[in-house]
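*Asks:* Protein chains in written order, with this note's numbering: chain X, 1 to 91; chain Z, 1 to 461.
Worth double-checking, as some hints may not be accurate.
[Claimed, not checked] Derived Cβ-Cβ restraints for the label pairs, each shown as a range:
1) T68(X) - A209(Z): 44 to 54 Å
2) F48(X) - G433(Z): 24 to 34 Å
3) R45(X) - D370(Z): 20 to 30 Å
4) Q9(X) - A67(Z): 24 to 34 Å
5) T338(Z) - R15(X): 40 to 50 Å
6) T68(X) - D277(Z): 32 to 42 Å
These are computed hints drawn from the structure, not numbers from a lab. By construction, the Cβ of each residue, glycine as well, lies at the ideal position given by its N, Cα and C atoms.
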Amino acid sequence: MRLHRLLDQDRPEIRFRLDGAEMTARQGDTLLTAILAAGGGWLRRSEFGDGNRAGFCLMGACQDCWVTVEGLGRRRACGTLLAPGMEVRRG
Amino acid sequence: MKVVVVGAGPAGVRAVEQLVRSGLSPTWLDEAADGGGRIYQRPPAGFRRDARALYGFEATRAAALHATFDALAPRTDWRPGTLAWHIRPQARRLYAMQDGAQQEIGYDALLLCTGAMDRVIPLPGWTRPGAATLGAAQIALKAQGCAIGRRVAFLGTGPLLWLAAYQYARAGVEVAAVLDTTRFAGKLAAAPGLWHAPATLATGLYYTAWLRARRLPVTEGIVPLAIEGDADGVTGLRWRDSAGRDRATQCDAVAMGWGLKPEAQLADLAGLPFDFDALQHNWVPRRDAAGRAPVPGIYLAGDGAGIAGAEVAEIAGARAALALLEDAGQGVDAALVTHLDRALRRQARFRAALDRAFPFPSALAAGLADDTILCRCEAITAGELRAAAAEESALVPAPEVNRAKAYSRVGMGRCQGRVCGPAGAEVLAAALGCTVAEVGRLRGQPPVKPIPITAMERVAG
Numbered sequence: 001m002r003l004h005r006l007l008d009q010d011r012p013e014i015r016f017r018l019d020g021a022e023m024t025a026r027q028g029d030t031l032l033t034a035i036l037a038a039g040g041g042w043l044r045r046s047e048f049g050d051g052n053r054a055g056f057c058l059m060g061a062c063q064d065c066w067v068t069v070e071g072l073g074r075r076r077a078c079g080t081l082l083a084p085g086m087e088v089r090r091g
Numbered sequence: 001m002k003v004v005v006v007g008a009g010p011a012g013v014r015a016v017e018q019l020v021r022s023g024l025s026p027t028w029l030d031e032a033a034d035g036g037g038r039i040y041q042r043p044p045a046g047f048r049r050d051a052r053a054l055y056g057f058e059a060t061r062a063a064a065l066h067a068t069f070d071a072l073a074p075r076t077d078w079r080p081g082t083l084a085w086h087i088r089p090q091a092r093r094l095y096a097m098q099d100g101a102q103q104e105i106g107y108d109a110l111l112l113c114t115g116a117m118d119r120v121i122p123l124p125g126w127t128r129p130g131a132a133t134l135g136a137a138q139i140a141l142k143a144q145g146c147a148i149g150r151r152v153a154f155l156g157t158g159p160l161l162w163l164a165a166y167q168y169a170r171a172g173v174e175v176a177a178v179l180d181t182t183r184f185a186g187k188l189a190a191a192p193g194l195w196h197a198p199a200t201l202a203t204g205l206y207y208t209a210w211l212r213a214r215r216l217p218v219t220e221g222i223v224p225l226a227i228e229g230d231a232d233g234v235t236g237l238r239w240r241d242s243a244g245r246d247r248a249t250q251c252d253a254v255a256m257g258w259g260l261k262p263e264a265q266l267a268d269l270a271g272l273p274f275d276f277d278a279l280q281h282n283w284v285p286r287r288d289a290a291g292r293a294p295v296p297g298i299y300l301a302g303d304g305a306g307i308a309g310a311e312v313a314e315i316a317g318a319r320a321a322l323a324l325l326e327d328a329g330q331g332v333d334a335a336l337v338t339h340l341d342r343a344l345r346r347q348a349r350f351r352a353a354l355d356r357a358f359p360f361p362s363a364l365a366a367g368l369a370d371d372t373i374l375c376r377c378e379a380i381t382a383g384e385l386r387a388a389a390a391e392e393s394a395l396v397p398a399p400e401v402n403r404a405k406a407y408s409r410v411g412m413g414r415c416q417g418r419v420c421g422p423a424g425a426e427v428l429a430a431a432l433g434c435t436v437a438e439v440g441r442l443r444g445q446p447p448v449k450p451i452p453i454t455a456m457e458r459v460a461g
């Protein structure tokens with residue numbers, strides 16, 4: 001899955017790391033936007049072996065967008081704003 | 001008097017407005033960083049679109065609500081980014097978490113304005129990256145300026161289906177298809193009862209007319225078959241048209257939804273009884289017309305108390321706050337109460353007509369194939385839930401959803417059945433040969449959303 005940046009995208013670029021790889025996003029992105037607009041494709045692997053997940057509700061209800069942020073622990077990617085230099089890991 | 005309000009959407013803002021007007025300074029919580037709720041969600045700092053670009057026809061209403069919120073927040077104990085996760089109604093205490101820190105908040109009166117989420121029906125492939133709710137598609141566009149795909153199919157029924165498709169088309173996204181599971185949805189949308197709210201109706205008709213005028217592929221009375229995909233996510237949607245022909249739509253994302261359901265877990269923990277509202281086909285927490293719950297000190301307003309939309313939520317929020325103030329012995333403006341009650345009655349007639357026009361397609365959920373994933377938290381299939389109700393089960397067949405949950409784990413995952421609950425109830429009811437009201441509803445459990453275990457220890461201690 002790829003999120004497509006359409007509107008309001010003239011915001012300053014910020015950098016973060018996804019599973020160790022350097023990525024670029026925009027200030028004001030959620031972790032979900034940052035990862036899926038940068039081509040990450042997915043956010044987590046189902047623990048039950050049925051494939052990758054990339055969130056579903058985007059409003060904090062479905063709990064299907066969890067990622068791990070170094071120093072912060074597990075976060076819902078849809079409701080967490082990206083900060084410069086964040087180290088994000090997918091499970 | 002210590003008053004706590006949960007939620008800063010349309011209901012919460014208008015409730016707090018009345019409380020502050022009466023000289024109170026409530027503690028006010030929302031999980032979001034800002035006021036406005038999901039419907040009028042504001043983008044983070046740095047986004048520049050104005051209200052008209054963000055909220056379309058609702059711009060005036062949204063801007064007014066935001067202005068009221070901005071004026072109120074400094075006059076209250078406003079706590080953004082705060083998850084209310086438990087209530088002990090006898091002790092009148094609410095438990096919340098903000099920035100990983102626990103809060104235990106005592107109250108004399110608690111007003112719950114907890115909102116709603118999309119109601120979905122699973123189909124094969126719905127867990128693939130690229131499949132999302134209609135609400136998700138809207139939030140991506142509204143709050144992040146992004147589309148969930150380049151070529152998006154819209155699936156479901158109800159006004160939100162057309163609205164989301166319209167918003168995407170307007171933003172320049174290719175709408176691969178608008179697939180409505182209701183037959184003659186467009187015609188039904190003009191049902192007589194809907195004229196009770198002419199402005200809302202006109203807006204809805206405008207979206208459909210706009211989509212059709214641009215020859216966007218709108219098809220009614222369809223049956224969804226499967227979301228297809230590869231390692232990169234969604235590649236298409238298969239469906240059956242009303243003449244029984246199998247069709248395929250190429251797309252890289254699917255937005256789906258069949259109306260909304262209340263986010264009522266906190267009302268549940270507060271000890272409220274729930275009733276099955278046959279018309280909206282949802283379990284709703286019990287309250288009187290003003291928003292008083294049968295548990296002392298608890299009040300409800302907005303979609304969390306039964307789906308009625310943002311406009312009603314504003315009225316109901318103000319009305320519930322006035323009920324709270326009346327019960328506390330404070331004088332309230334009788335003319336305002338009369339005005340709000342009249343507006344709520346008028347809107348209720350509109351809502352009933354809308355619910356009749358777009359009924360939840362129970363048969364679609366009840367007929368899920370055995371191998372379709374029903375619970376996305378734990379990848380449990382519809383067949384596994386049916387087994388919980390089977391006579392040949394090793395255990396006594398589950399007569400209701402909570403027992404079925406214990407057997408099958410459907411509803412026991414980290415979303416607590418928020419997503420699979422409605423469809424799961426249909427599957428179980430069909431398997432048992434009873435009504436969906438008879439299989440009951442999943443009981444809420446604290447914490448209403450996952451929190452670190454250390455947080456629970458502190459409360460227990």
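*Asks:* So does T68(X) sit 44 to 54 Å from A209(Z), Cβ to Cβ?
*Replies:* This hint holds: roughly 47 Å between Cβ atoms.
*Asks:* Do T338(Z) and R15(X) keep their Cβ atoms within the hinted range of 40 to 50 Å?
*Replies:* violated, 58 Å
*Asks:* Against the range 24 to 34 Å, how does the distance between the Cβ atoms of Q9(X) and A67(Z) compare: consistent or not?
*Replies:* At 27 Å between Cβs, range holds.
*Asks:* Take the C-beta atom of R45(X) and the C-beta atom of D370(Z), compute their distance, and say whether it sits inside 20 to 30 Å.
*Replies:* holds, 24 Å
*Asks:* Is it true that the C-beta distance of T68(X) to D277(Z) lies inside 32 to 42 Å, as the hint says?
*Replies:* holds, 40 Å
*Asks:* Could you see if the CB distance from F48(X) to G433(Z) stays within 24 to 34 Å?
*Replies:* Check passed, 30 Å falls within 24 to 34 Å.
The structure fails hint 5 only (numbered hints given earlier).
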